[in-house]
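A.B. asks: Each chain, letter by letter, is given below.
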Amino acid sequence: MGWIGEQIDSIKSLQFRQVLTQAISLGMIVTSALIIWKGLMCVTGSESPVVVVLSGSMEPGFKRGDILFLHMSKDPIRAGEIVVFNLDEREIPIVHRVIKVHERQDTEEVDILTKGDNNLGDDRLLYAQGQLWLQRRHIMGRAVGFLPYVGWVTIIMTEKPIIKYILIGALGLLVITSKE
Amino acid sequence: MHSVMLRANALLTFSVTILALMCAMASLSDNFNSPSPTAQVQVLNIYRFQKKRNGDDEVSLTFNMSANLQSLFTWNTKQVFVFLAAEYETPKNALNQISLWDSILPSKEDAKFWIQTTNKYSFVDQGSNLQNKDFNLTLHWHVMPKTGKMFADKIAMTGFRLPETYR
Numbered sequence: 001m002g003w004i005g006e007q008i009d010s011i012k013s014l015q016f017r018q019v020l021t022q023a024i025s026l027g028m029i030v031t032s033a034l035i036i037w038k039g040l041m042c043v044t045g046s047e048s049p050v051v052v053v054l055s056g057s058m059e060p061g062f063k064r065g066d067i068l069f070l071h072m073s074k075d076p077i078r079a080g081e082i083v084v085f086n087l088d089e090r091e092i093p094i095v096h097r098v099i100k101v102h103e104r105q106d107t108e109e110v111d112i113l114t115k116g117d118n119n120l121g122d123d124r125l126l127y128a129q130g131q132l133w134l135q136r137r138h139i140m141g142r143a144v145g146f147l148p149y150v151g152w153v154t155i156i157m158t159e160k161p162i163i164k165y166i167l168i169g170a171l172g173l174l175v176i177t178s179k180e
Numbered sequence: 001m002h003s004v005m006l007r008a009n010a011l012l013t014f015s016v017t018i019l020a021l022m023c024a025m026a027s028l029s030d031n032f033n034s035p036s037p038t039a040q041v042q043v044l045n046i047y048r049f050q051k052k053r054n055g056d057d058e059v060s061l062t063f064n065m066s067a068n069l070q071s072l073f074t075w076n077t078k079q080v081f082v083f084l085a086a087e088y089e090t091p092k093n094a095l096n097q098i099s100l101w102d103s104i105l106p107s108k109e110d111a112k113f114w115i116q117t118t119n120k121y122s123f124v125d126q127g128s129n130l131q132n133k134d135f136n137l138t139l140h141w142h143v144m145p146k147t148g149k150m151f152a153d154k155i156a157m158t159g160f161r162l163p164e165t166y167r
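Going down the list, the protein sequences come from chains A and B.
Each residue of the first sequence is one higher than the one before, counting from 1 in the UniProt record's numbering.
Each residue of the second sequence is one higher than the one before, counting from 1 in the UniProt record's numbering.
Treat the hints loosely; a few may be bogus.
As the list claims (entries may be wrong) - Derived, one-sided and incomplete: chain A residues facing chain B with beta-carbon distance under 10 Å:
no., residue
1, GLU103
2, GLN105
3, ALA143
Stated by the list, open to error - Output of the computed footprint for chain B on chain A, the stretches with three or more beta carbons under 8 Å from beta carbons of chain B:
no., stretch
4, 89 to 100
5, 145 to 151
6, 154 to 161
Derived from the structure by calculation, the hints contain no laboratory data.
Keep in mind that this is a model prediction, so the values were computed, not measured.
Every residue gets a Cβ at the ideal spot worked out from N, C-alpha and C, and that includes glycine.
With the sequences and hints as input, model every part of the structure.
C.D. replies: What follows is the structure, given as structure tokens:
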């Protein structure tokens, strides 16, 4: 029977206490991941503290699959910063650089124009019809840190769901069959 | 079989930890670099200065610039993004920043340069406030690391003024 038989035996021989311990340890993993994520949200003040670069519009600085750490503070937005913004009718946020800023005298209002480093023109073509500027409310955060390649894991998982299911299945089996 | 899996797991965890530690150290080592970049800009000619049909002032100019940003590069630097922005205040806006020109410096050798060019992006005001307007030309740079924290700073150059009349 070999390995498969051994695994089946180990599933058959499961005790109630053992199952409970494993369920709890699995729960601990999931909840600690959630705690880290929510904690990062609190610290960075950004709705999504980590984003994966999906397009090549910021190459060669950021390539597809790189990870950016975001920070959202009350500091005013200035030209040259790399911001992540969400347009009203688009689902996927965009990571581009600010090239023009017009900040009002008394109010907090600000007009922002962005451009991808690797694009020829500015982003007015991406904005909604007739929209000339981004406002503060569009900005989700500014990029402060960078980690290469790590984002490929999520890109592969979203584009090839089968791999995701295989991975989850294998991990689940491992948790069930492993003995401390 | 279990021991093989456990060993693989331990090895993976260990190598990922070491890799993360090395990334953090590479990023931290950037803090020991205290750069001293230099830049000079000359506005050569304001060859167009007019009010657009919607009432906003528009300027086209040629300038030359020499800069040495080589000291920004460390072993953890992937590239330096550099841009020149016109900055001024108007009655309506506390701050206007308009990028006129930008470039990517991929290596230390490219970071010492002299360039003469026209503005790459349009220099358009929000309104008509540019006649006789004093403005700064600020050279900004954004150091993009191979991994870790990004750095940005600038050199502001003052004493530029737009002409009194349209041309």
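A.B. asks: Take the hints in turn and mark each one as holding or not.
C.D. replies: Right, here's what the structure says about each hint:
{"no.": "1", "hint": "GLU103", "verdict": "holds, 4 Å"}
{"no.": "2", "hint": "GLN105", "verdict": "holds, 5 Å"}
{"no.": "3", "hint": "ALA143", "verdict": "holds, 7 Å"}
{"no.": "4", "hint": "89 to 100", "verdict": "holds (count 3)"}
{"no.": "5", "hint": "145 to 151", "verdict": "holds (count 4)"}
{"no.": "6", "hint": "154 to 161", "verdict": "violated (count 0)"}
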